[in-house]
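Peer 1: Protein chains in written order, with our numbering: chain A, 14 to 536; chain B, 9 to 528.
I should point out that these hints are in silico values taken from the structure, not numbers from a laboratory.
These numbers come from a predicted model, not from an experiment.
Certain hints may be false.
[Stated by the list, open to error] Simulated pairs of lysine-lysine, DSSO-like, Cα-Cα distance not exceeding 30 Å:
no.	chain 1	residue 1	chain 2	residue 2
1	A	Lys162	B	Lys307
2	B	Lys54	B	Lys432
3	B	Lys161	A	Lys406
4	B	Lys45	A	Lys503
5	B	Lys45	A	Lys162
6	A	Lys406	B	Lys146
7	B	Lys280	A	Lys78
8	A	Lys314	A	Lys74
9	A	Lys365	B	Lys221
10	B	Lys45	A	Lys183
11	A	Lys74	B	Lys45
12	A	Lys483	A	Lys472
13	A	Lys78	B	Lys432
14	B	Lys146	A	Lys503
15	B	Lys445	A	Lys162
16	A	Lys78	B	Lys54
17	B	Lys45	B	Lys445
18	A	Lys272	A	Lys98
19	B	Lys136	B	Lys111
20	A	Lys429	B	Lys221
21	B	Lys144	A	Lys503
22	B	Lys161	B	Lys317
23	A	Lys314	A	Lys490
24	B	Lys117	B	Lys299
25	B	Lys488	B	Lys332
26	A	Lys406	A	Lys429
27	A	Lys201	A	Lys98
28	A	Lys78	B	Lys307
29	A	Lys365	A	Lys93
30	A	Lys503	B	Lys332
31	A	Lys183	B	Lys488
32	A	Lys74	B	Lys281
33	B	Lys117	B	Lys144
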Amino acid sequence: MKNRCQDSGVRCQLWLSSGRGCGEPAVVDVAPVSRPAHALFALAILAVIALPSHLPAQQSKPWEKIPIPTLHEFHPQQPKRIELKNGIVIFLQEDHELPFVSGSVLIPGGARDVDPSRAGLLGIYQQAWRTSGTANMDGDAMDSLLEAKAAHVETEGGEDSTSLSWDSLKGDADQVFSLAMDLLFHPKFSAEKLQLAQQQEATGIVRRNDDEDGIAEREAAKLVYGANSPYTRQPELATIATVTLADLQAWHDRTLKGKLIVGISGDFDAVAMEAKVRAVFEPLPPVTPEPPRHDEFAGPKPGAYFIDKEDVNQSNVQIVALGIDRHNPDVPAIVIMDEILSGGFGSRLFLKVRTQLGLAYAVGGGFELPYDHPGSFRVEVLTKSVSTVDATKAAEEEIAGLNTRPFTQDELQRAKDDILNSFLFRYDTREKILAERERLEFYGYPADYLETYRAALEKVTLEDVTRVAKEYIHPEKLAVLVVGNSSEIKPPVDALGMGAPQAIDITIPRPPRPKAPPTGEQQ
Amino acid sequence: MQSRSFSRLWIFSWSWTGFLALALAAACSGAHAQDLKSFEQRTTVKVLPNGLTLIICERHEAPVFSYTTFIDAGDVNDPTGESGLAHMFEHLAFKGTTEIGTKNYAAEKVALEKVEAANDAYEAEYLKPIGRSEEKLKALHQAFLDAQAEAEKYVIPNQFTEVAETNGADGLNAETGLDETQYFWSMPENRLELWAWMESSRLADAVPREFYKERDVVLEERRMRVDSAPIQRLVEQFLATAYVAHNYGRSEIGWPSEVSQINATEAMAFHKKYYVGGDVVVAIVGDVDAKTAMPMLEKYFSRVPGGPKPEEMTTVEPRQFAEKSVIIREQTQPFYIEGYHRPSYRDPDDAVYDAISDIMSNGRVSRLYRSLVEQQQIAAEAEGFSPFPGDKYPSLFAFYAVPLPGHTPAEMRDAIRKEIDKLKTTDVTDAELAMYKTRTRADLLRGLADNQGLASSLAEYQTRYGDWRQLFLELDEVDKVTKADIRRVANKVFVDSNRTSAEIDTEPPAADAKKDGGAQ
Numbered sequence: 014m015k016n017r018c019q020d021s022g023v024r025c026q027l028w029l030s031s032g033r034g035c036g037e038p039a040v041v042d043v044a045p046v047s048r049p050a051h052a053l054f055a056l057a058i059l060a061v062i063a064l065p066s067h068l069p070a071q072q073s074k075p076w077e078k079i080p081i082p083t084l085h086e087f088h089p090q091q092p093k094r095i096e097l098k099n100g101i102v103i104f105l106q107e108d109h110e111l112p113f114v115s116g117s118v119l120i121p122g123g124a125r126d127v128d129p130s131r132a133g134l135l136g137i138y139q140q141a142w143r144t145s146g147t148a149n150m151d152g153d154a155m156d157s158l159l160e161a162k163a164a165h166v167e168t169e170g171g172e173d174s175t176s177l178s179w180d181s182l183k184g185d186a187d188q189v190f191s192l193a194m195d196l197l198f199h200p201k202f203s204a205e206k207l208q209l210a211q212q213q214e215a216t217g218i219v220r221r222n223d224d225e226d227g228i229a230e231r232e233a234a235k236l237v238y239g240a241n242s243p244y245t246r247q248p249e250l251a252t253i254a255t256v257t258l259a260d261l262q263a264w265h266d267r268t269l270k271g272k273l274i275v276g277i278s279g280d281f282d283a284v285a286m287e288a289k290v291r292a293v294f295e296p297l298p299p300v301t302p303e304p305p306r307h308d309e310f311a312g313p314k315p316g317a318y319f320i321d322k323e324d325v326n327q328s329n330v331q332i333v334a335l336g337i338d339r340h341n342p343d344v345p346a347i348v349i350m351d352e353i354l355s356g357g358f359g360s361r362l363f364l365k366v367r368t369q370l371g372l373a374y375a376v377g378g379g380f381e382l383p384y385d386h387p388g389s390f391r392v393e394v395l396t397k398s399v400s401t402v403d404a405t406k407a408a409e410e411e412i413a414g415l416n417t418r419p420f421t422q423d424e425l426q427r428a429k430d431d432i433l434n435s436f437l438f439r440y441d442t443r444e445k446i447l448a449e450r451e452r453l454e455f456y457g458y459p460a461d462y463l464e465t466y467r468a469a470l471e472k473v474t475l476e477d478v479t480r481v482a483k484e485y486i487h488p489e490k491l492a493v494l495v496v497g498n499s500s501e502i503k504p505p506v507d508a509l510g511m512g513a514p515q516a517i518d519i520t521i522p523r524p525p526r527p528k529a530p531p532t533g534e535q536q
Numbered sequence: 009m010q011s012r013s014f015s016r017l018w019i020f021s022w023s024w025t026g027f028l029a030l031a032l033a034a035a036c037s038g039a040h041a042q043d044l045k046s047f048e049q050r051t052t053v054k055v056l057p058n059g060l061t062l063i064i065c066e067r068h069e070a071p072v073f074s075y076t077t078f079i080d081a082g083d084v085n086d087p088t089g090e091s092g093l094a095h096m097f098e099h100l101a102f103k104g105t106t107e108i109g110t111k112n113y114a115a116e117k118v119a120l121e122k123v124e125a126a127n128d129a130y131e132a133e134y135l136k137p138i139g140r141s142e143e144k145l146k147a148l149h150q151a152f153l154d155a156q157a158e159a160e161k162y163v164i165p166n167q168f169t170e171v172a173e174t175n176g177a178d179g180l181n182a183e184t185g186l187d188e189t190q191y192f193w194s195m196p197e198n199r200l201e202l203w204a205w206m207e208s209s210r211l212a213d214a215v216p217r218e219f220y221k222e223r224d225v226v227l228e229e230r231r232m233r234v235d236s237a238p239i240q241r242l243v244e245q246f247l248a249t250a251y252v253a254h255n256y257g258r259s260e261i262g263w264p265s266e267v268s269q270i271n272a273t274e275a276m277a278f279h280k281k282y283y284v285g286g287d288v289v290v291a292i293v294g295d296v297d298a299k300t301a302m303p304m305l306e307k308y309f310s311r312v313p314g315g316p317k318p319e320e321m322t323t324v325e326p327r328q329f330a331e332k333s334v335i336i337r338e339q340t341q342p343f344y345i346e347g348y349h350r351p352s353y354r355d356p357d358d359a360v361y362d363a364i365s366d367i368m369s370n371g372r373v374s375r376l377y378r379s380l381v382e383q384q385q386i387a388a389e390a391e392g393f394s395p396f397p398g399d400k401y402p403s404l405f406a407f408y409a410v411p412l413p414g415h416t417p418a419e420m421r422d423a424i425r426k427e428i429d430k431l432k433t434t435d436v437t438d439a440e441l442a443m444y445k446t447r448t449r450a451d452l453l454r455g456l457a458d459n460q461g462l463a464s465s466l467a468e469y470q471t472r473y474g475d476w477r478q479l480f481l482e483l484d485e486v487d488k489v490t491k492a493d494i495r496r497v498a499n500k501v502f503v504d505s506n507r508t509s510a511e512i513d514t515e516p517p518a519a520d521a522k523k524d525g526g527a528q
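Turn these sequences into a full structure, and let the hints guide you.
Peer 2: Below, the structure is given as structure tokens:
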């Protein structure tokens with residue numbers, strides 16, 4: 014009864030819970046690689062008794078009579094933090110519930126730091142690093158050894174970092190740790206594995222226009238950041254072909270000099286583990302901090318944009334603007350505003366576009382809140398072709414309504430209750446707490462960020478939300494991207510009143526073939 | 009349980025179900041609750057007089073709990089002509105009850121009956137094969153809209169979920185699969201009684217408010233998940249071809265013509281038939297004290313109607329003896345999938361299929377990866393998996409591959425066949441078999457520290473085997489799998505006449521323009 018693949022067999026009631034398009038994803042990233050995640054920790058949390066009381070007076074509410082006792086005291090276990098003289102930071106989180114040990118090393122430097130001519134390097138590197146292996150043990154041998162033990166050593170890469178992680182049963186922990194460290198410091202990049210990685214990347218490139226949502230998210234980001242921004246630069250067949258073994262080695266050597274963050278959790282003894290980890294990392298030279306970035310963020314050119322896709326009967330609409338980053342002191346008020354706009358079933362967008370109008374299954378969005386650079390404000394709605402204009406207008410009205418329809422005390426209370434009463438799910442496991450500490454360390458946030466963040470959320474008032482709506486929501490600055498079937502979209506996107514939509518060409522560039530036959534189509 | 013890991017960039021999301029098992033006694037540090045015995049000590053099962061089964065598994069790491077309500081009915085139980093009904097009802101289950109979500113149920117009830125009557129009248133005219141009057145249809149449609157607007161006046165939209173969310177519900181969602189419907193979320197532990205009232209209320213006392221709006225929402229969901237997604241389109245056709253009789257071949261989310269005609273009466277009939285105690289298992293995992301909680305839970309969940317367990321489906325897919333293939337020619341990238349019929353999870357060889365799947369597809373050491381991706385370099389991804397699409401009834405063992413640029417579905421097909429043939433002619437190695445067993449055990453162990461996953465697994469196993477312990481005992485079957493078993497099963501199942509294949513052949517743009525009528 015195992016190994017079930019139910020690709021289309023499982024459908025979710027609440028698409029929002031996948032975390033897409035929301036300022037505060039419900040899902041917490043375990044590995045803090047680049048994406049802003051929101052696992053939060055706090056010290057002892059006592060009772061949170063908040064009864065929703067924002068309903069019409071005449072209804073009898075039997076659920077309000079059900080007692081809610083004081084929440085059991087909870088003292089989330091913080092990892093032990095060790096800062097070495099060379100600047101490397103180590104977190105150790107004991108967890109004896111299950112006989113596993115897992116760890117990771119987070120390394121600054123990611124896709125945004127790659128030279129444009131090598132776009133795709135990160136994707137290739139993250140694969141080839143692990144699959145190549147080391148001089149002691151090539152990747153294939155490592156695979157065989159590890160899989161036989163149900164253990165893993167893996168490498169990943171993202172927007173601003175790469176990482177190497179490992180996990181195993183407790184009995185294999187020492188051996189797997191050694192393997193992981195060997196790979197961390199002494200990879201031997203192989204031409205064969207470079208080629209395999211290039212093939213994987215190439216496959217992704219030629220397929221990137223097959224799925225409507227992939228197109229929409231990618232192109233929406235390009236509208237906000239620019240097509241050639243470090244945050245949106247996409248690999249092309251021509252650029253991935255230029256990546257060499259020397260490039261991989263150089264990338265590795267440079268980034269390993271950065272401030273590494275090591276995190277280990279599981280069934281081990283912290284004293285013994287600390288000694289082992291110190292032995293590996295203490296001898297390293299002082300870390301080289303990442304140079305400060307000087308990116309420019311202009312935001313989208315307002316207006317309507319269109320990408321035609323013939324084989325769909327539903328439009329994917331992205332309404333975007335430039336947003337803010339998490340350092341901004343207005344973040345708590347903005348998060349509450351986002352919750353009012355699109356957090357859950359009771360939110361304005363969901364209520365209007367899905368529940369009342371029945372125009373969408375998937376609708377939502379808000380401010381993405383990256384830790385160290387401005388994110389976008391992004392609202393998306395997926396609707397059948399013929400209701401493209403209606404659904405877009407309805408969503409736009411809700412966005413504008415943040416300024417024209419005053420927030421109510423009920424809305425404020427609902428938003429706060431939603432967020433604050435489920436807050437403890439950001440730190441209800443030791444692994445989540447560890448991941449959060451690693452993330453805060455990586456982005457240079459104070460260790461007690463979650464506490465202060467929570468306290469700030471509690472204090473948000475109606476005036477605050479009204480003020481941030483005024484300051485940060487500007488309908489005239491929005492860009493609207495529609496990906497859909499032009500033959501079915503009636504009335505056409507022009508009916509949005511944003512002028513004739515600008516067509517975006519997403520044709521995948523094919524590099525010139527070295528020996529092109531005179532006839533013959535290609536893929 | 010249905011933990012969907014989106015590890016593939018462009019293909020299916022897998023639910024690689026990690027099942028819970030007897031821990032490796034030697035590897036255990038001994039003191040911890042990882043084995044069946046310790047689980048038995050902290051797990052309580054009670055079957056209520058109405059047939060509903062409650063399972064409480066205590067885990068006090070944090071002051072939270074997760075639950076799964078597992079209904080033993082899914083898409084496969086949609087009546088003929090009403091595909092999409094089970095899923096539609098799942099959406100309805102969030103609309104509240106006679107007490108929650110309404111300003112005045114007595115008046116609303118009357119209004120909803122009028123909506124239903126208006127819809128019946130409209131539908132009757134709409135479906136007339138001859139003599140349909142467009143004018144009359146328009147008038148009936150307006151009358152329907154008016155009735156709908158009237159009924160809506162009594163609605164407090166989304167109140168049910170709002171109460172859950174404002175009380176700290178996390179991961180609130182539901183899933184309709186072919187074989188079952190699951191409702192789940194996590195909550196702070198001090199909301200246990202509130203949750204019990206809410207969940208038992210909506211199981212016992214559903215109201216089909218906002219039904220027709222929600223039907224539109226479900227149609228959008230279909231457009232998103234299937235119509236506008238190349239591979240899902242293909243898979244829907246693949247399954248419809250592989251099955252000639254059994255409902256596993258029918259669209260899960262519903263054929264557009266059927267799901268767009270479902271009405272509230274049908275949905276409530278489905279609820280009455282299937283949402284009875286004997287079809288329901290509710291599992292709670294977390295910071296719960298079973299002794300003090302059980303009487304309270306029993307009080308609430310006794311409200312679910314008793315009723316006879318619905319009759320079992322009699323349709324059995326007849327043996328396939330004709331090889332079948334499906335070809336979609338369109339401008340999207342190529343893809344290949346093939347499937348072979350296999351018995352249900354009750355078959356004594358169930359673990360053997362898992363072993364084959366593991367050896368063929370699990371990770372970089374798997375046969376399909378090593379052969380198609382690494383050595384031949386013709387595919388970006390290649391795997392075999394089973395059971396698909398469901399597990400309660402006889403299903404398929406499927407293989408798929410994503411061709412590298414410049415390579416074709418035909419190459420995928422040939423390469424996959426070669427790997428399958430090896431299974432039939434040569435034993436797998438001892439190392440491969442041992443790896444399968446070790447990984448299965450470890451996967452199971454890993455799942456034990458996740459409240460939501462555990463709740464789902466406990467509920468599933470209680471339903472499918474009548475005993476949640478099978479979660480652990482299943483390892484015995486895993487241990488018994490032999491190389492000879494794998495060879496025997498491969499020879500039995502992977503035969504040409506038992507095969508259905510489906511592929512996307514990429515067409516250049518010029519030819520596509522000549523086609524009339526694309527995806528519907």
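Peer 1: Any of the earlier hints contradicted here, and which numbers?
Peer 2: 1, 2, 4, 8, 11, 13, 19, 22, 24, 25, 29, 30
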